[in-house]
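Undergrad: Read off the chains here:
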Amino acid sequence: MSIEKLTLVNIVGKMDSLDDTILRCLEREDFHPERSLDYTGQIRGFGPLESENPYAGLLKDLTNIGMQAGFSPQNRPRVKPAGNGRLWARNKYCTDFCHTLQKDIGLLREQRNNLQSEIEQDEAALNLLSHINALDIDVDSLFSCQYIKIRVGRLPVDSYMKLGLYASRMFLFVPMDKEKNYYWGVVFTPLEYASETDDLLSSLYFERIRVPDFVHGTPEEALEQIKTDLKQNRESLGGIERQWKELLEERQKPYYEIYDTVRFLSESYEIRGYASALHRDFLDVFHMTGFVQARTAQAFADYLGEIPDVQVELLPVDSDKRIKAPTKLKNGWFAKPFEMFVEMYGLPSYQDVDPTPYVAFTYCLLFGIMFGDLGQGALLVLLGAALWKWKKMNIGRVINRVGIFSCIFGTVYGSVFGFEHLLDPMYRAMGFAEKPIEVMSSSITNLILVSAVALGVVLILISMTFNVILAFRKHNLERALFSSNGLCGLLFYGAALGGAVSAILLGRNLFSPLYVIFLIILPLLAILFEIPLGKLVSGTPFREAKPEHTGSYIMEHFFELIEVVLSFFSNTMSFLRVGGFVLSHAGMMSVVLVLSDMVGAGASPVVVVLGNLFVMAMEGLIVGIQVLRLEFYEMFSRYYDGDGKPFVPIGTAHE
Amino acid sequence: MMGRDKAANAVIAKVRAMYGDLLTFSQYAELARKQNLQEIAAYLKESTPYGPELEDVRGSIIYRQQLETILRRHTLRQYARIAPYAAGIKNGVPAYILLDAEIEMILRCLKGIVTIQQENFIADLPAFIQPYVGFHVLSLANAHTVSQLIEILERTPYGPLLEKCAAQKEGPLYSRFVQMVYEWYFDTLMKRANASKGKARKDLESLISARAEIMNLSSVYRLKKFYQMPSEKIRGWLYPYHWRLSQKETDQLVQAENADIFLQRLLQTSYGLWIDTQELFLEGQLNQARRVQEEKMIHFSTDPHVIYTAFMLLCHKEMENIIRVIEGVHYGMKPEKIESLLSLGKKG
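Protein chains in written order, with my numbering: chain L, 83 to 737; chain U, 282 to 629.
Treat the hints as calculated values from the structure; they're not laboratory data. The hints are all genuine.
Label-pair ranges, simulated between beta-carbon atoms:
hint, chain 1, residue 1, chain 2, residue 2, range
1, L, V256, U, L388, 31 to 41 Å
2, U, L388, L, K174, 52 to 62 Å
3, U, P333, L, K556, 44 to 54 Å
4, L, R711, U, L388, 41 to 51 Å
5, L, S199, U, D302, 23 to 33 Å
6, L, F443, U, Q528, 38 to 48 Å
Computed from a predicted structure; not experimentally measured. Where a beta carbon is used, it is the ideal one built from N, C-alpha and C, also for glycine.
Just need the whole structure built from these sequences, with the hints factored in.
TA: Here it is in C-alpha cells:
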C-alpha cells in the first residue's frame, strides 16, 4: 500500500550537451520533467529556451493529410524508428511524399464533392417533382411566366412560422406538402421584386431547388430524365470511391513509416521546452528539473553524468516546496489492476496514502460474496487471464482476481455452476454433516442479509477511520474532528449502531442519558457547528470564527444534519444489495436448472451451459458495477480526495 | 427538489448514457480537418449522434447560421428528453438552459432596438423554443422600442428588470441591462440551488459560481486589455461569486495595472495550470477548469440535479466547440489551431 518514492532532480549543463541529455532521458524513460521555476523568470538570468521545432510543420501537415485521406495517425501507438531518423527526416523524400499525397487526395476530394452535390441536386429535384406531381402541368410552362417569378423549394418549419412577420412583402409562399422539418412549396413574386424576395428567402433558409435544364415536359417525363442522370452520377461516384481506396492501399505503408519517424523527432525536440537557458558572453547553459524514482535515481544521475559538462543533482522530493511532486502508484500482483479504479476517481497526492490495496481487497471480497460459484469463478479466472494475455485488457486482470474470490465463496456456499450439492462429499469428508451455508434455505436468508449489512458497517467504519487519519496527516482538524466522516461522525455512527445492536441482539439497553448525551447528541452538535469549531481549533479568534448570522446558520445546517443522519442509515442499508445478490445468484441458477429439467435429456446440457453463460455475463456485469458503486459512493466519498497528478516520464518508445 | 426516488436513479442513468454520446477527441480532430461546411454537415450527419437532427438537411446548400440553429435545437432537445422524468426540474438549476436562451433572445432584441437593425434579428429567432419560454418569441420581432419590449416581457421577470433599467439614465442602456439581468440570473440560480441540501447544494453552487467567476475573469481581462478601464470601475462589473479564487485573489487581479500584469497574476493562481500564454484564448482555457469539474460531477455525483446540470453545461460546450470548428474551417484556420480553441475533456 504505497506510493513510489521519488527524488527531485536538477540537471545543469552546457547548451551543447542538451540534445545528448534529452536523448539519454528518452532512452531511460524514467524522467518526469517539470517546467522549471526559472522558466517563469523566478530565477534571475534564466529564461525559456526558445527555438522553433524544425519537425513540427511537417508533422502537422502529415497528420492533417493522413486524416483527410482516411488514415488514423492520431490513434497510432508510438514506435521508435530504426536507423538515424534525424538524417532521414531531412531527406526531401518526406516533403515530396507529403505534397504528392495532398495533391492526389485533393483532386479526388474535389471530384467526389462535385458529384455528391450533383447527386443531392438530382435527389432534391426528384423529391420536388414528386411533390408537384399532382399539379399535372408542363414544367416548362411553370417557369416561363412573363410577369411572375416562381421559385420552388422547401422552407424550414421554424422559418415558415415567421412568414407572418413579412406580410407586407411582395411574395406569396404556397405550401404543397410537409415533411418533419420542412414545408415544400412554391413562391410567387412579381418580376421587379424577385431579387429582394430571393434575399429574404435566403435569410429564412429557403432551399431553392433548381430543376435541371435538361428536364422538360410533364413531371412524369421529367422524373425519368432525372433518374437517368442520377444513375450516371452514382456510378461515377462509385468509381471515385474505388480510386480513393486503391490510393490508400498503395500509400499506407510508406505514409506510416514517414509519420512514425517525423513524430519521434518532433516529440523529442518538444522536450527542449522543459529546459530553461542562461545566455551570457562566456556562459551558455541549460537547466532542467524533474522527478525520477528514488530507487533508480543514482543510476539515472550516473548515466547522465557521463555526458561531458553535465551535472546532475539529486535532492529530497520535498526540497522545493514550490513544485508539487507527481504520484506513481506502486502495487503488487494482486492490487495492480485495481489502480484503474483509483485513477478513474483521481490519483492520490504524493503525500497521501494509496487506497488501491484496500480497494482491491474490498472489491474482490464483495464481488466474491455476491457472485459465489466455484465453477463460474474458475471460468472468470481463465477468461480474465486470457483477456490480459492476448488482448492486454486491464479489465481482464480485474476479472482474474475477482474470479479467485468467486471460487473461494463458491466453495463456502457449495455451489458449482449452479449445482448446489456437488461439493457435499467434500464437506462430509471434512467432518461436516452437510454444507455449511445453504443459500436457498429460508432459515438462513435473514442471516445473509444481516451479515451483509454488518459487513457494510465494518467497511464504513474503516473508511471513516481512514478519513480521520488522513485528515490528521494533512493537519485538517476541521475534517478530522468535526466533519460527518470525522471523529464526531465516527462516534455518533458507532454509538448509535452499538446501542441498537446491543438492544436487539443482547437485550441490553445502552441508551442511558449519559450515553445519549456524550455519544449521540454532542457529536451531532459538533457536526452541526463543524465550520466555526473547525476555525476555532485552527486558531481563528472566536469573533471571526462564529457564523455571521447564527440563526440562519443553524437553520441551514440543521437540515443538512438531518440529511447526514439519514444518509448514515441509507448508506448502511445500501449494503443489503450484497446479501440480495447472494440470493439472486442462487435463484437465477435454480431457474436455469429447472429449465434444464423441463427440456429433454438431450437438450438439458445445452440449457445448463447457455444458462450459466447468460448468468455469468449478465450478473457478472451487474455485480461488477454494483461493487464499483459501493466503492465510490459508500467508501471513497468518505475519505478520498484524489487530487494528485500523475508521474509521466518522457520517452516516446512506449506502447 | 427531486429526492432519491426511482425516477431520480433513472435520470442519473439516462444522463450518463447521453454523456457517452458526446463527441470524442478523434471526432473533433476529424471535424477540424474538414474543408468546408458541406463536409462538416455530412460528417455530423453520418458519423455522430447529430444524425437524426440533420436527417433531411441537404449538406451541399446548408447555411452556417442554419447549422448553428440546428445545433442549438439539439442542445435544447437534450434538455427536453430528460425534463419530463425529473421532478422539480422546471424550477431547478438544470433549467438554466432556458434562462440562457431567454436572456440571449432578449439581449439580441434589445441590441436590435438600440442599433435599429431589428429585421436582421427575425431570421435568427429560434421559433422552436416557444414551448419552453415565458413570452411570445416571434413578438420580439415586432418590438421596435424599449417600451414595446417591456410590454412583451411584462409577465416575466425580465419586464420589470428592463423597466427599472430603462428608468436609470447612467451609461448605455444595453450594458446596464446585461449587468442587471445576469445579476438576477445568478441570484435566481443560487436560490434554486439552495432548494437542494448538503453536497448536492454545494455542487450546484460550485457549478454556478464557476460560471460567474470565469465571466468575471474574462470581463476583467477584456476591460483591461481593450478599454484600459480603471480598477474601481471594473469592480462594479463583477458578480459577487467565487469558485477557485478568494476575494483577496480577485481583488489583486482587479488591481493589476494592465492586462499583462493581470495575466501574470492569474498564472500564479490555481488557474495557472490551464493557461498557455503561447496560445492565449483566455475564456476557453479558463473554461477547461470548469469542464474538469463538470466531468467529475457526471461521474461521481449521486444527485440528479447536479448530474443533469453538469451534463447540460457539457452539451453547451460541445455546441460551442462545433461552432468554433465551423468558424475555424470557414476562416481557413489550420486544424491544430482550431483544436487549440476547443474545450476538450476526458471524452472530447
